[in-house]
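Novice: Following the hints, position chain A against chain V.
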Amino acid sequence: MKIKVIVTLKNGVLDPQGKAIQQTLNGMNFDNVNEIRQGKFFEINLNENDEGKAKSKVEDMCKKLLANLVIEDYKII
Amino acid sequence: MNSSVIIFPGSNCDRDMDVALKKFGFKNQMVWHDDQNIPKSDIIVLPGGFSYGDYLRCGSIASKSKIIKSVIEFANSGGLILGICNGFQILTETGLLPGILQQNKYLNFICKNVFVKVNDKNNKYFKNIKKDILELHIAHNEGNYFCSNEELKSLEDNNQIAVTYCNKMGLENDENNPNGAIKNIAGIFNKNKNVLGMMPHPERMVDAHLSGEDGSLFFENLLENLK
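Protein sequence lines correspond, in order, to chains V and A. In terms of this note's numbering, the first sequence is numbered consecutively and its last residue is 77. In terms of this note's numbering, the second sequence is numbered consecutively and its last residue is 227.
Okay, chain V solo, but in the shape it has when bound:
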């Protein structure tokens, strides 16, 4: 089973890369871009058929390694 995870910086945490991308887009005449937040995307292939169990395992992975909860949030999709 494939589970997807998105890790993003928490609101309020400075994202200098997102800011640089936003400024570049503005410079390319994409004037209506107000903010960009950059994140990470994971596709995890698990040897597990039960979706509930798979997601609960991935949640554990997020807490222990994939995200640093000091500055990041994760979303399992």
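Since the hints were made in silico from the structure, they are not lab data. Glycine residues also receive a C-beta, built at the ideal position from the N, C-alpha and C atoms. Each hint should be verified, as a subset may be incorrect.
Derived pair list, reagent style DMTMM-like, types lysine to aspartate or glutamate, alpha-carbon separation capped at 20 Å [what the hints assert, rightly or not]:
#1 V:Lys10 with A:Glu151
#2 V:Lys40 with A:Asp54
#3 A:Lys64 with V:Glu72
#4 V:Lys63 with A:Asp54
#5 V:Lys10 with A:Glu150
From the derived model, a few chain V residues whose C-beta atoms are all more than 12 Å from chain A [what the hints assert, rightly or not]:
#6 Leu46
#7 Glu48
#8 Val70
Output of the computed footprint for chain V on chain A, the stretches with three or more beta carbons under 8 Å from beta carbons of chain V [unchecked claim]:
#9 57–65
#10 101–109
Specialist: Same frame as chain V, but now just chain A:
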């Protein structure tokens, strides 16, 4: 005094640290990350570098390596652990130190000499050190220290802020903050002050002819405090 330097794949300041420790009289051993036991040590050093190519987050993969269990046990039993640069990043990822090192505010890799103020001398690392302001070298892309307001208050209340970026007169402001670190933080202790993580490299300042000698002050003093 015995010391151990842990080598991770991608560490690159391990041998500089070995040279520095031996120069000041430590009997140093190098320990591979895949080992489980650390030889009898008075201090363990996690060196600078780019462990695991900084994949995922700096220090995150190294913080799960086999040797780390012994490192955490050593810290919890009161043993001294010094993490420099990537070593500091690894210590935050293990949870031995609070907070995290984020990418530098202006997205640049910074490689230069800086001045740092020693904020607390009530510990084995800086007790009796002869100078309050040290000139040390930094070389990092992720040195922008960040933590929650609660953690920051706790760091301040317990005098855990070890060193802060400043100018040579000791002035701490934005102009003298190379990477955007919160409160100009360059290094912090854990609550018991046996674990120290800092971005500056004292091991790069141990030769008067090549660099400077404030790193020598640090190591000489550390050895004296451990006797």
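Novice: Val70 (chain V) clear of chain A by more than 12 Å, beta carbon to beta carbon?
Specialist: 5 Å, violated
Novice: Beyond 12 Å on every Cβ pair: is that true for Leu46 (chain V) relative to chain A?
Specialist: Holds: least Cβ distance 18 Å, greater than 12 Å.
Novice: With the threshold set at 20 Å, check whether the alpha-carbon distance from Lys40 (chain V) to Asp54 (chain A) stays at or below it.
Specialist: 14 Å, holds
Novice: For a C-alpha distance cap of 20 Å, please report whether Lys64 (chain A) and Glu72 (chain V) respect it.
Specialist: Given that 20 Å is the threshold and the Cα spacing comes to 19 Å, the pair holds.
Novice: Does the segment 57–65 of chain A contain three or more residues whose Cβ lies closer than 8 Å to a Cβ of chain V?
Specialist: Since 3 is at least three, the answer is holds.
Novice: Three or more residues of the segment 101–109 of chain A near chain V by CB distance under 8 Å?
Specialist: With 6 residues closer than 8 Å to chain V, the segment 101–109 of chain A meets the three-residue bar; holds.
Novice: For a C-alpha distance cap of 20 Å, please report whether Lys63 (chain V) and Asp54 (chain A) respect it.
Specialist: 19 Å, holds
Novice: When you look at the beta carbon of Glu48 (chain V), is every beta carbon of chain A farther off than 12 Å?
Specialist: 21 Å, holds
Novice: Would you check the hint for Lys10 (chain V) and Glu151 (chain A), treating anything up to 20 Å between C-alpha atoms as holding?
Specialist: 16 Å, holds
Novice: Does Glu150 (chain A) lie within 20 Å of Lys10 (chain V) when you go C-alpha to C-alpha?
Specialist: 16 Å, holds
Checked against the numbered hints given earlier, this structure breaks only hint 8.
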